[in-house]
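Undergrad: Chains as they are written, first to last, in my numbering: chain A, 454 to 648; chain B, 31 to 300.
Among the hints, erroneous ones may be present.
Unchecked claim - Subject to a maximum C-alpha distance of 30 Å in a straight line, what follows is the list of computed BS3-like cross-link-like pairs (lysine-lysine): (1) B:Lys105 x B:Lys95; (2) B:Lys43 x A:Lys631; (3) B:Lys79 x A:Lys515; (4) A:Lys608 x A:Lys630; (5) A:Lys608 x B:Lys43; (6) A:Lys630 x B:Lys43.
As the list claims (entries may be wrong) - Chain A regions said to be covered by chain B (calculated; three or more residues, Cβ under 8 Å): (7) 486 to 493; (8) 500 to 510; (9) 575 to 587; (10) 628 to 636.
Please keep in mind that the hints were generated in silico from the structure rather than gathered at the bench.
We put the beta carbon where it would ideally sit given N, CA and C, even for glycine.
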Amino acid sequence: MDQSFVHSALELTAPGQPLEETLARESPDELLALLYRQMRALAGPRQDLDDLVQAAAERAIKALERFEGRSSLSTFTYGIVYRTLIDQQRWYRRFQRRFSLDPREEAEELAFPRSSETDLRELTRARRLYAALDQLPNEKRAALILHDLEGLDVKDVAAISGANELTVRSRLRDAHKKLAELLRQDPLFDPEVPA
Amino acid sequence: MNAADLARLELAKRAFQAAQPGAAEVQSGVRRARLALDRAKPRRRWFSKGLVFVVLAVGSLAYAKPQALGELVEKVRTREPADAGKHPGRAPAAATARVENEAGAKTIAKAEAAAAAEAPAAAFVAEAQREPRPAPASGNVEARSPNEATVAAARAAGTGLRPAHAESKTSAVSSSKALASAPRIVVSDWGRVGQAMARGDDNGALAALDGLAASDDPRTRDKADLGRAQLLMAHGNQDEACAVARSLTHRRAGGRIERQAQLLLKSCSR
Chain A
454 MDQSFVHSAL
464 ELTAPGQPLE
474 ETLARESPDE
484 LLALLYRQMR
494 ALAGPRQDLD
504 DLVQAAAERA
514 IKALERFEGR
524 SSLSTFTYGI
534 VYRTLIDQQR
544 WYRRFQRRFS
554 LDPREEAEEL
564 AFPRSSETDL
574 RELTRARRLY
584 AALDQLPNEK
594 RAALILHDLE
604 GLDVKDVAAI
614 SGANELTVRS
624 RLRDAHKKLA
634 ELLRQDPLFD
644 PEVPA
Chain B
31 MNAADLARLE
41 LAKRAFQAAQ
51 PGAAEVQSGV
61 RRARLALDRA
71 KPRRRWFSKG
81 LVFVVLAVGS
91 LAYAKPQALG
101 ELVEKVRTRE
111 PADAGKHPGR
121 APAAATARVE
131 NEAGAKTIAK
141 AEAAAAAEAP
151 AAAFVAEAQR
161 EPRPAPASGN
171 VEARSPNEAT
181 VAAARAAGTG
191 LRPAHAESKT
201 SAVSSSKALA
211 SAPRIVVSDW
221 GRVGQAMARG
231 DDNGALAALD
241 GLAASDDPRT
251 RDKADLGRAQ
261 LLMAHGNQDE
271 ACAVARSLTH
281 RRAGGRIERQ
291 AQLLLKSCSR
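Chain B with its partners taken away, still in its complex shape (with noise of 0.2 Å):
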């Protein structure tokens, strides 16, 4: 910079100097900004945070599982005709109690599993439909007596089905006059399936998963399937079996019902 420059500098200052503000314009800056501060900024209110909240949890279920919800709303209006029929609802549990009692308790499991054929409980409906397990694998549906088919069909929708309350030893005597006393209910596509393993009618079950095998619903396809699998695979119809559960795995079921079928395919393999 030159002296020519220095004095426009110099120059500069005292413009910028003069410039300046005064008392009066600063003060009126600062009423200004006094008022704008005091305001209050509208905070954002719990209720809208909880809702984002509750948006963001249902958009992620729905997301993550896109059945959940349905089998949710589903679960919750079967649940109203299964607290009506409290009772008959344990049926199977206390099946299950008095099965693993080996001495005299064909004639209970008899009357149980007609008792549970009576009134299938809407609870042990909804299980049913939420993880379909009609026959395990071990072949407790393979009896060779008409006694040991009734006890083996108890047990299978005792622990195959496996209700919720499964655990609760319930005397098999007061279920039995309880589920006399329920009120009859309207018995769905999956209650037909249990019905018929309670009663050891594999090919009425196997009946009533084909058709819910022909649901237009993917994931009640996939799960009667799966049903369908496990129980040829007991009944030693291998070949078909394995069918079902390569094409389960093949149209991508997905999740639990995925997994299941592999490890069907397993003992295909073998």
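For reference, chain A alone in the conformation it holds in the complex (with noise of 0.2 Å):
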């Protein structure tokens, strides 16, 4: 993630002037330009990004007068994004218990965005990554994406899922061995193969 966007959002603190009063009134486009990358990396593209993002950001507001500066603001956004995905997936698979939705609507090809600069192979290979990580369970992707994919300390990820070291070492231990299964299986990841 580029995490120099963080940085300038934490840089945006004028001095004697308390974080979240300068991120509500002054920056709330980069408040929620912060939360929209953090969601779109542990949620991945999908239709219901923008209702994450809304919901994040509704209680990132409300959230943002208890925040105390112990941690990096993109650990507490982070946490608040978290939450709220695993709140999201929670009401889903409870949602699903009762109602099916229409195969049409699921059916939708999610499109990632396109650029020249992207190389389409490697959109190929994101597209089946994220399949592959949506066969994790919650609490492992996230842990996975945020420690591996994201590049943050196991502290971090300790303080953003709310969970113990010991546990998110143990959730990484797991998420490693199912994702390098599903790898094996899919010949874009063969290491052998030329990019």
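Put the complex together from the two separate chains, hints included.
TA: See below:
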């Protein structure tokens, strides 16, 4: 993830002015952008991404009053994004027990943003990667994304997910094992094949 | 994880980075989120909150005391004539006030009892319907002489049926004048009971209560039976009174009526 964006958000705070006030009054867009990027990283490209970002933004604006600066703003907002996503997934599981969506609605292709700079092969790989990640349990999936793909420390992952560091390590171990099994079956992730 | 798995994970990282959103996508996402956040959510108005509160209050009242709503409506309906005949409604209170003074009370009580019989106040009737206590068990109705009976009947009308404004110490004379000028009001069944009690006509009161005891409304029936039981007990007709009180407890009249019946039954067992 582009950590410079987070840093720029943190630098917005003028001396003697609370961070949450600065973010809420002067740079709500920066906060929203931060939340969008984090949610996009954790949840992947999905149709209800905007809903998730909106829910996370509502929570974040309310929770900014409680931000004491003990962790970085990025970790703080990641925690909100994580909890929003986990809550939504729990709700969706309960929803699926009672209702079934029309398959036509789910069959829509999730398009990644295309640009001339990105390689189509990488995008196909990313699509397969998200498909593999979707098969992991939510907590393990989040731990793997935050630690291995976003490059956060185990300590930060533990703070974000509200779990013990040992628990996070255990989740990471299991997630690695499961993801490796899934990627082994995919020829796109064969390291012998030239990129 | 072996080296091949680590290499796969590296490939996954590269793919993940490649799929990260660009600035344009983030900006459009932020715009959509801001629009959604700016949209005011429809708040629940105070009216709907109040409506919910009223419905809940009325519903719980109807559940806890099913007859209360009917009584409330009837009270409101009977209050209008009571307001029209405001002064006649004070007749029992005046009677009570005067009867308290034993010296020379008999003639006044007679006059006021007659006035009460002439113009039964609607408020008085409503109170009688709410809590019929035709005669206290202390035996006030058991009078030996006709004069004493009149006094006792007046006291029973004042204390036993207890109108809401019984505490007011209005002068008996002004009450009588007011009674004389009051418009005549249609007497209800409970009003007939009150009239008979005021006259000291216990048999008449019992007959009126018998009529009420045959009512379709279980609450009215229970009240009438309780009144009968108390009246019979006051007359010393203990067996019949106990039978009526027992039937009240057997049929689970509930609430204050059942408690009164149980009190009567205590004196039965003695």
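Undergrad: Look at each hint and say if it fits the structure.
TA: Hints versus structure:
no.	hint	in the structure
1	B:Lys105 x B:Lys95	16 Å, holds
2	B:Lys43 x A:Lys631	16 Å, holds
3	B:Lys79 x A:Lys515	25 Å, holds
4	A:Lys608 x A:Lys630	21 Å, holds
5	A:Lys608 x B:Lys43	20 Å, holds
6	A:Lys630 x B:Lys43	16 Å, holds
7	486 to 493	holds (count 5)
8	500 to 510	holds (count 5)
9	575 to 587	holds (count 8)
10	628 to 636	holds (count 5)
Checked against the numbered hints above, the structure violates none of them.
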